[in-house]
Amino acid sequence: MLLAAVGTLGSALGVAGGLRAQQEEEPLSGKGANGSLRDPTVLGRPLDPTHPLDDSEAIKRIEQRLHCTCGCNLDVYTCRTTDFSCTYSPELHREVLALHGDGKSAQQILDAFVIRYGEKVLMAPEPGGFNLLGYLLPGVAITLGAATLAFVIGRRERRRSLALVTAAVPGGGTTGPTPLQGTPEELERLRRALDEVDD
Amino acid sequence: MTLLGEFSLWAAALVGLWCAGISFSGRWRDRRELALSVTRSTHALLVCLLAASLALWQGLVSHDFNIEYVAAYTSRNLPPYYIVSAFWAGQKGSLLFWAVVLALFGSLAQTLTPRRYADLLPHVAGVTSAVVVFFVGVMLLSANPFERLAFTPPDGRGLNPQLQNVGMVIHPPMLYLGYISITVPFAFAVAALLSRKLDTGWIHAIRKWTLVSWLFLSIGITLGMWWAYVELGWGGYWAWDPVENASLLPWLTMTAFLHSVMIQEKRGMLKRWNLGLIVGTFMLSIFGTFITRSGVISSVHSFTQSNVGYFFLAFLVIAGIFGFTLLYTRWPLLEPEAQLDSVVSREAAFLFNNLLFVGIAFSVLWGTLFPILSELVRGTKITVGPPFFNRVNVPLGLLLLGLTGVGPLIAWRKASSENLKRQFRWPTAAGLVTLGGLLAAGMRDLYPLMAISLGGFVAGTVVQEFYRGVRARMRMHAESAPVALARLVGRNRRRYGGYIVHIGMLIYFVAFAGMAFKREQEATLKPGQSVVMRSPFGHTYTFTHLGISQYEALNRIVSAATVEVTKDGKPDGLITSEKRQHIDSFKRPTFEPSTEVGIRSGLQEDVYVVFAGAVNGTEEAVYRFNLNPLVWWVWYGGFVLVFGGLLTMWPGGGPVVHGPRGAPAGYRAELVGK
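Heads up: the sequence lines are chains A and B, in that order. Take the first sequence: its letters are residues 0 to 198, numbered as in numbering that gives the first Met the number 0. Take the second sequence: its letters are residues 0 to 673, numbered as in numbering that gives the first Met the number 0.
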């Protein structure tokens, strides 16, 4: 009954209220010694205290390049610090720590994982061989596209300029637009007016 | 009610088939009553699908757990607003949602389209109905939302805890609305191709629809990022997941279209390209649906694997062949009415901008599909995750950001060197001053430096455009600055709304750059113990663990861990993160425990607290603390972007239509004045 009352009170008062109610019920809570939880099972898998190396930038960088094998699509670091129900990523983390403890470099650790789990364990394929196609094709395609566009437009522009020059020469044989006549101020006003129309 | 639902689906299939059949047969051309029948069928289709939707909602609200879908996605103690959202939470319901919304859009297209485009409407009705029939067919053949169980369970399984978030009530419908509304521009494009009415009429008819679609996609993507950030607990908002990528693809090509269509309107160019973009965007929207539902690519967002993927694959292939073959057969009718005059022109800038948008879309699609290609070619499974996408797309994104600032500065047709100098002077100075400031502040990371400096350049461009426009109005009409600004924007909504969208984009980029500096720390704390972190902005945070409380609320048992926060030595309140064990009405656990993040949002940085769990059933808690810079600005950027988009599409204030093609290839300007 008391527990139910605490629960109801907690619900009614929200988080802080729930906290106060819990503290009243269990005097050890929040006093330095560890108060035990009423129902630890609802928190999922019990956790171990964090290891000092869990926060290591070097370990984090390695794990961010490794794919968790639980099927979550996350890297090992993100999975172990996000999906707390996953049992794969903590295991993979321990493997990384063990290899790191053996004095292996980051690349050696990654290589060891590739040998054990296959290339799929890397979050991105190594840029070499066939994988280079994956990395380079978009950039190459865009560069080629831009170069082609610039070339085609440039060529048309040159041809048009040539046609205008030919038309400007007396007896040039072709007729083209008459060059604009006017003072610089007039031309500037025209340009502004055209800008206004264009936009 | 399931009988009504099922009957309505069959009726919808028949009505849709009638509409599409008559439309594509072309018989309506000689018989007015058939043309009327085709357009009216779209309304009948909507009525049928509304009836089916009401039947499903009735099942959801009345807890009819004999319906398999209701039992799978709801429970008696599920809060009412999540019962509403359970409609689209699962595969079958979301197919019905898609079909009913598309039927609504199809009906609205018939009602709202100006009469001058009436010749296109029967074809439009045919295309939208054909797509609806496809979705209804998938439901009837493979994923019937009204399927009954052999027994009636006393309670349902409930909704996945990660979907029990307000973001998930709004985000999927927004994204669906974006995906679905793409069908209308596609239908107009097909109608124009079929009827050979390939002037710019169809472009004007779809302008609002493309903007609506783009807006919904933008809102859906931003809400998706917000949901991922507040709900998934990994401290970020974009993970290049295949389903996230699938939502980005049509957005990219649609954005390209919104730019390139201006060239068609003004100069009669890029007709083939624009049609190709619309057909491609529609296919990408179906591709996104295929990815989400087929299981061909693993994703955290995927629906349960089922055979509906085959239907979508077949539809994708058929739609692609149909659309592009039709485009190919009309190729000679799509000759441009003018040629590009210069590489240094706004038209060329738009072309390069289109190239980048489509290039980025290609690179995202390429990365998404590369694992399949690798397996086919090498027989080796690989993963293509964020490191790949960041490496390939970040430089392209920065280039695009640069072009956002360049485009508006270049004149149409051909820019003179004098014009370029005058236009680029201040924006370039703004970019350089930003760069100098960042370097002086000690920032040395290349990409963030480039993103924020280019942001300065783009802001300079937009401010200059507004300033010159306001100044011109003040001089010409003797208006005060606020009046001039209001009238400038009000009378050129498309242009200045577009600039506001650019501001939204630059805010996004700057906010994305901020995440390069995020700080993370894990800690195991007993009650009373603290951990100290220093933020990239130089603030010192102290987190003191107060304890863990447990209580029951709604449909879950909550374990709430609370930390007391001090910022630079001053009290900064409490932050609570929760573990939630969801239960059904018999108190039985329904899913694995989920995590609710505690977030304190600020203009500079977010304090992001994740309660990972407890040690040995005690109040000793394992936490992850994140200090995430500039995240608030991502959401603000989204608001600005949507505001700009709304301004652009607000009725009135649009460009004046000149003759049949909207604007002539040449111009008449009068030299008036002093």
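The set of hints was computed from the structure by calculation and includes no laboratory data. Here the structure is a predicted model, which is why all the values come from computation and not from measurement. Keep in mind that the hints are not guaranteed to be accurate.
Computed cross-link-like contacts, BS3-like style, restricted to lysine-lysine with a CA-CA straight-line distance of at most 27 Å [claimed, not checked]:
| hint | chain 1 | residue 1 | chain 2 | residue 2 |
| --- | --- | --- | --- | --- |
| 1 | A | K59 | B | K196 |
| 2 | B | K566 | B | K525 |
| 3 | B | K380 | A | K103 |
| 4 | A | K59 | A | K103 |
| 5 | A | K59 | B | K380 |
| 6 | B | K566 | B | K517 |
| 7 | A | K119 | B | K196 |
| 8 | B | K586 | B | K517 |
| 9 | A | K59 | A | K119 |
| 10 | B | K517 | B | K569 |
| 11 | A | K119 | A | K103 |
| 12 | B | K207 | B | K196 |
| 13 | A | K59 | B | K525 |
These stretches of chain B come out as covered by chain A in the derived footprint (C-beta under 8 Å, 3 or more residues) [to be verified]:
| hint | region |
| --- | --- |
| 14 | 111-122 |
| 15 | 336-342 |
| 16 | 375-384 |
| 17 | 472-484 |
| 18 | 519-530 |
| 19 | 591-600 |
Ideal Cβ positions, reconstructed from N, Cα and C, are used throughout, including at glycine.
Quick check: which numbered hints come out false for this structure? 1, 7, 8, 14, 17
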